[in-house]
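Visitor: In case you want the letters, here they are:
Number of protein chains: 2
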Amino acid sequence: MHHETAYRNLCIATREVALLQRVQDLLEWDEQTQMPPAGAAYRADQAAYLAGLVHQKQTAPEIGAWLRELAHSPLAAEPHGDTGTVIRCLQQDYEKKVRLPQSLVEELARLSVQGQQLWSEARQHNDFARFRPLLEKMVALKRQAAEALGYPETPYDALLDEYEPGASTADVSRVLRELRAALVPLVGALADSPQRPDTTILSRHYPIAAQQSLGQAVAATIGFDFSAGRLNVTEHPFCIGLGPGDVRITTRYNDHDFADGFYGILHEAGHGIYEQGLDRAHDGLPTGQDVSLGIHESQSRLWENQVGRSRPFWEYFYADAQAAFPQALADVPLDAFYGAVNDVRPSLIRTEADEVTYNLHILIRFELEVALIEDQLPVGDLPAAWNEKYQHYLGVTPPNDAVGVLQDVHWGAGLFGYFPTYALGNLYAAQFFAQAAQDLGDLEADFRQGQFAPLRQWLRQHVHQPGRRFTPAQLVQRITGQPLSHAPLISQLNEKYRALYGLS
Amino acid sequence: MHHETAYRNLCIATREVALLQRVQDLLEWDEQTQMPPAGAAYRADQAAYLAGLVHQKQTAPEIGAWLRELAHSPLAAEPHGDTGTVIRCLQQDYEKKVRLPQSLVEELARLSVQGQQLWSEARQHNDFARFRPLLEKMVALKRQAAEALGYPETPYDALLDEYEPGASTADVSRVLRELRAALVPLVGALADSPQRPDTTILSRHYPIAAQQSLGQAVAATIGFDFSAGRLNVTEHPFCIGLGPGDVRITTRYNDHDFADGFYGILHEAGHGIYEQGLDRAHDGLPTGQDVSLGIHESQSRLWENQVGRSRPFWEYFYADAQAAFPQALADVPLDAFYGAVNDVRPSLIRTEADEVTYNLHILIRFELEVALIEDQLPVGDLPAAWNEKYQHYLGVTPPNDAVGVLQDVHWGAGLFGYFPTYALGNLYAAQFFAQAAQDLGDLEADFRQGQFAPLRQWLRQHVHQPGRRFTPAQLVQRITGQPLSHAPLISQLNEKYRALYGLS
Numbered sequence: 014m015h016h017e018t019a020y021r022n023l024c025i026a027t028r029e030v031a032l033l034q035r036v037q038d039l040l041e042w043d044e045q046t047q048m049p050p051a052g053a054a055y056r057a058d059q060a061a062y063l064a065g066l067v068h069q070k071q072t073a074p075e076i077g078a079w080l081r082e083l084a085h086s087p088l089a090a091e092p093h094g095d096t097g098t099v100i101r102c103l104q105q106d107y108e109k110k111v112r113l114p115q116s117l118v119e120e121l122a123r124l125s126v127q128g129q130q131l132w133s134e135a136r137q138h139n140d141f142a143r144f145r146p147l148l149e150k151m152v153a154l155k156r157q158a159a160e161a162l163g164y165p166e167t168p169y170d171a172l173l174d175e176y177e178p179g180a181s182t183a184d185v186s187r188v189l190r191e192l193r194a195a196l197v198p199l200v201g202a203l204a205d206s207p208q209r210p211d212t213t214i215l216s217r218h219y220p221i222a223a224q225q226s227l228g229q230a231v232a233a234t235i236g237f238d239f240s241a242g243r244l245n246v247t248e249h250p251f252c253i254g255l256g257p258g259d260v261r262i263t264t265r266y267n268d269h270d271f272a273d274g275f276y277g278i279l280h281e282a283g284h285g286i287y288e289q290g291l292d293r294a295h296d297g298l299p300t301g302q303d304v305s306l307g308i309h310e311s312q313s314r315l316w317e318n319q320v321g322r323s324r325p326f327w328e329y330f331y332a333d334a335q336a337a338f339p340q341a342l343a344d345v346p347l348d349a350f351y352g353a354v355n356d357v358r359p360s361l362i363r364t365e366a367d368e369v370t371y372n373l374h375i376l377i378r379f380e381l382e383v384a385l386i387e388d389q390l391p392v393g394d395l396p397a398a399w400n401e402k403y404q405h406y407l408g409v410t411p412p413n414d415a416v417g418v419l420q421d422v423h424w425g426a427g428l429f430g431y432f433p434t435y436a437l438g439n440l441y442a443a444q445f446f447a448q449a450a451q452d453l454g455d456l457e458a459d460f461r462q463g464q465f466a467p468l469r470q471w472l473r474q475h476v477h478q479p480g481r482r483f484t485p486a487q488l489v490q491r492i493t494g495q496p497l498s499h500a501p502l503i504s505q506l507n508e509k510y511r512a513l514y515g516l517s
Numbered sequence: 014m015h016h017e018t019a020y021r022n023l024c025i026a027t028r029e030v031a032l033l034q035r036v037q038d039l040l041e042w043d044e045q046t047q048m049p050p051a052g053a054a055y056r057a058d059q060a061a062y063l064a065g066l067v068h069q070k071q072t073a074p075e076i077g078a079w080l081r082e083l084a085h086s087p088l089a090a091e092p093h094g095d096t097g098t099v100i101r102c103l104q105q106d107y108e109k110k111v112r113l114p115q116s117l118v119e120e121l122a123r124l125s126v127q128g129q130q131l132w133s134e135a136r137q138h139n140d141f142a143r144f145r146p147l148l149e150k151m152v153a154l155k156r157q158a159a160e161a162l163g164y165p166e167t168p169y170d171a172l173l174d175e176y177e178p179g180a181s182t183a184d185v186s187r188v189l190r191e192l193r194a195a196l197v198p199l200v201g202a203l204a205d206s207p208q209r210p211d212t213t214i215l216s217r218h219y220p221i222a223a224q225q226s227l228g229q230a231v232a233a234t235i236g237f238d239f240s241a242g243r244l245n246v247t248e249h250p251f252c253i254g255l256g257p258g259d260v261r262i263t264t265r266y267n268d269h270d271f272a273d274g275f276y277g278i279l280h281e282a283g284h285g286i287y288e289q290g291l292d293r294a295h296d297g298l299p300t301g302q303d304v305s306l307g308i309h310e311s312q313s314r315l316w317e318n319q320v321g322r323s324r325p326f327w328e329y330f331y332a333d334a335q336a337a338f339p340q341a342l343a344d345v346p347l348d349a350f351y352g353a354v355n356d357v358r359p360s361l362i363r364t365e366a367d368e369v370t371y372n373l374h375i376l377i378r379f380e381l382e383v384a385l386i387e388d389q390l391p392v393g394d395l396p397a398a399w400n401e402k403y404q405h406y407l408g409v410t411p412p413n414d415a416v417g418v419l420q421d422v423h424w425g426a427g428l429f430g431y432f433p434t435y436a437l438g439n440l441y442a443a444q445f446f447a448q449a450a451q452d453l454g455d456l457e458a459d460f461r462q463g464q465f466a467p468l469r470q471w472l473r474q475h476v477h478q479p480g481r482r483f484t485p486a487q488l489v490q491r492i493t494g495q496p497l498s499h500a501p502l503i504s505q506l507n508e509k510y511r512a513l514y515g516l517s
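In order, the protein sequence lines correspond to chains A and B. Position in the first sequence (from 1) plus 13 gives the number in the numbering used here. Position in the second sequence (from 1) plus 13 gives the number in the numbering used here.
A hint or two may mislead.
Note: identical chains are not told apart, hence a pair may lie in one copy or across any two.
[As the list claims (entries may be wrong)] Subject to a maximum C-alpha distance of 30 angstroms in a straight line, what follows is the list of computed DSSO-like cross-link-like pairs (lysine-lysine):
no., residue 1, residue 2
1, 509, 70
2, 109, 70
3, 150, 509
4, 70, 150
5, 70, 110
6, 109, 150
7, 402, 150
8, 109, 402
9, 150, 110
10, 109, 509
11, 110, 509
12, 509, 402
13, 110, 402
Quick caveat, the hints were computed from the structure, so don't treat them as lab data.
Sequences are here, hints too, so could you generate the full structure?
Guide: Take a look at the structure:
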């Protein structure tokens, strides 16, 4: 009876924190989609204040007391059951949070708002120097945070664990290197192939209003619920869950680039479908929360790549695309279009990269941010190091920092340890998709008829609904019967691209 | 020295409350401009939680202690000085806030979010019955709030005082009746005039994109700073200050109604210029806050009517309007257009009413809401009472509730006591404008040349910068040397409209 009361109080306090965190998220969403530039200073004060308030509530002594009381109670007995999951995850969260001083949390929140504004300006003016002092401060603060959190081997472990619980720098480093080794021969073979798609198709004129309505219609068809969500425009596409019934996705449009806007929507809709698929009865509790950023990314990547760059997907949607863009697409056969959206070539911009070379962009960021956090790379040397790695891994050199080191918002927002989850997401996606195809039979036939519900329901059941009942590694093992591996992704890429590029 | 510390602490706590109130305001803005419908329930929880938190901070015992310590200190000696204003106003605010139970504040906040959603649905479906139970609850809660706050004569006094400090129900009733008596002969004369503008001009086709860019350009020219503000679309136009550097206005567009969108923008830009004109050094303190809703409304009305419906204004902007809408306006001479935007006729919709009959719409709402709060009118009888008063005061009867009793969001949002400030604003605007014209000389010549800075600077100096140093009544007396009076408005209306309608 005592336990029951402690558990109920713990849940009330946790849901209250979630409610305030969603207020923080709204401020963040607004900052990126709506806020006028002159509002940044005050918004930074607000973000810092709320971060402090949330931290205070997360680390309140009574939470520690309830958790201690529950640790050996019958409610904690089943670690993957409802109450066991809640207690276990909240215990882990609490232990981390109490290690961070509130002043550091507030300072990071403030710097993150300023950092995103400054990054945006610096990128627009192609001026890394303008961004550098803030980034130096950010790296120093993130190092402080890592020291406060503690880590087994390297401070980067502590930051990575924030986004991908249980993952280590060494593991990620290993899997990214294995992946690279397996990708190199494929990238080489594709580069040598004489059969190349005509990508100029995608830079014809695509009126933005039509991009928006096609994107919205496709997102709705695959299952993003617009009565409980919306789509806005930002510089850097993202998805954010502002509460049950309110999941927001963003994209950016360029009227001479079909793929950037369209796949931005599809990718973020994948994230959104995950958020909308969480168990609402457990909203605000670990049992109703996403597992990790890597698993989140698996959902966006799966819809973007395994589904949205497949031929059956376009067999269903291509007529709609032609109707939306008659001038651009009337004379383009399906296969030419399908080839164009699957063009593989080393490129400068991560978010526009094809699914084969994409992970090399992540490897570059991962190596650089580990070096920054381990104090082996001064921020001032970052642009040169960036360009060098692009030349080394991808054979291209950014002509300027705007399309080089300044292309991503993450570091300005303090998101160190975040990038590797993109690559993990690609691996999980391939592994889940292979399993879904095995379980559900002919997925391609479904897609050809615009039937996405079977796949979506499968994902909901296996990936979305468990919440944080299992770690990412446990979830992959449970769903696929295998540990995390690069093999399914490499096999899918080989099969698809060797056919597309006419290789043996 | 002790006083200085108490004062400093009081200001820190007050600014913290302001910071949280602006978070509430962002939630409100987002609810009306962005939030998907399914997000309403959770948003109501968030609004209630924040309202409770703000109330808790506003009524913290240490604030009472600091105020008691400061009440007879030298810092309070000069009631209209910087520190004296802060202490006096915070004392008044505190006394009011401590009378309201936190549970009532939270319940009202939650009901207000639900009320706005329900109102919007009820209006769309022309279904008052759907809205009625919530409105009944809202009226009951507002009556409870009035009882808790206390009042000299009628519970409505307590609600009115929230928006127009120092105003009484009896005073407002008197001034509205005097105004009505003075308007009746003018409305009658205009109705009998054979010379009427051709208003069909304004319902030609006005593409929305062009409405938006013209409206934005005009708002910028009169002085709304878009680097510290933005314009969005809502069902019910409004302006909200989300902090220094972030003032947001909204409007609605109808591609066959020029006036609704354009004057929506101009009106809200007037509010926005007030917000942007407040003293930023005093942000978050009474010395940097707006005086009252009536004074706020005077600023929107002055730019909308005294400026934006004047012939000199259109002498400057009409070429831009013709360029924006060549199909609609190429063949329309300036005077025909000027006449059309100054059409006077009894109508159903307050926000679209001309400046002559507008105050009769307010009188109707004022009488109805006083009766609701005084428990003399059951909510169920409200639609019939509304229609009867429209027939009586304006000679028109709403064909349905959507354009009748459901046209305004206010009651669903719990804003009882708010409507009369619209009429007070009209009176203040006329009085301020007459004084500005006297002080600045030929304002019409300024407008003809697109010079709006002199008037804006005059308003900033006399109306915006004092913050809450004076009550509305004191401010009017200080600026114009006269108490509040309907005479300047009646004189301006008579002069303008008798000329326009060819009356003697």
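Visitor: Now look at each hint and say whether the structure bears it out.
Guide: Against the structure, the hints:
1. Taking the closest pair of Cα atoms, residue 509 and residue 70 never come within 30 angstroms of each other, the shortest separation being 50 angstroms inside a single copy and 61 angstroms across copies.
2. Proximity of residue 109 and residue 70 under a CA criterion of 30 angstroms is satisfied in both settings, with 14 angstroms inside one chain copy and 29 angstroms between copies.
3. Proximity of residue 150 to residue 509 under the C-alpha cut-off of 30 angstroms is found in neither arrangement, the shortest distances being 45 angstroms within a copy and 62 angstroms between copies.
4. With identical chains, the CA atoms of residue 70 and residue 150 are at most 30 angstroms apart within one copy only, with a shortest distance of 27 angstroms there and 33 angstroms across copies.
5. For the homomeric pair residue 70 and residue 110, the shortest alpha-carbon distances inside one copy (10 angstroms) and between copies (25 angstroms) are both at most 30 angstroms.
6. Only within a single protomer do residue 109 and residue 150 lie at most 30 angstroms apart by alpha-carbon distance; the minimum there is 22 angstroms, versus 45 angstroms between protomers.
7. In this homomeric assembly, residue 402 and residue 150 come within 30 angstroms of each other (Cα to Cα) only inside a single copy, at 24 angstroms, whereas the closest approach across copies is 65 angstroms.
8. In this assembly of identical chains, residue 109 and residue 402 lie within 30 angstroms of each other by CA distance neither inside one copy nor across copies; the values are 34 angstroms within and 64 angstroms between.
9. Taking the closest pair of Cα atoms, residue 150 and residue 110 come within 30 angstroms of each other only inside a single copy of the chain (21 angstroms); across copies the shortest separation is 42 angstroms, beyond that limit.
10. Taking identical chains as interchangeable, the C-alpha atoms of residue 109 and residue 509 are never at most 30 angstroms apart, the minima being 43 angstroms within one chain and 70 angstroms between chains.
11. In this assembly of identical chains, residue 110 and residue 509 lie within 30 angstroms of each other by CA distance neither inside one copy nor across copies; the values are 45 angstroms within and 67 angstroms between.
12. Taking the closest pair of Cα atoms, residue 509 and residue 402 come within 30 angstroms of each other only inside a single copy of the chain (28 angstroms); across copies the shortest separation is 73 angstroms, beyond that limit.
13. Neither within a single protomer nor between protomers do residue 110 and residue 402 lie at most 30 angstroms apart by alpha-carbon distance, with minima of 35 angstroms and 61 angstroms respectively.
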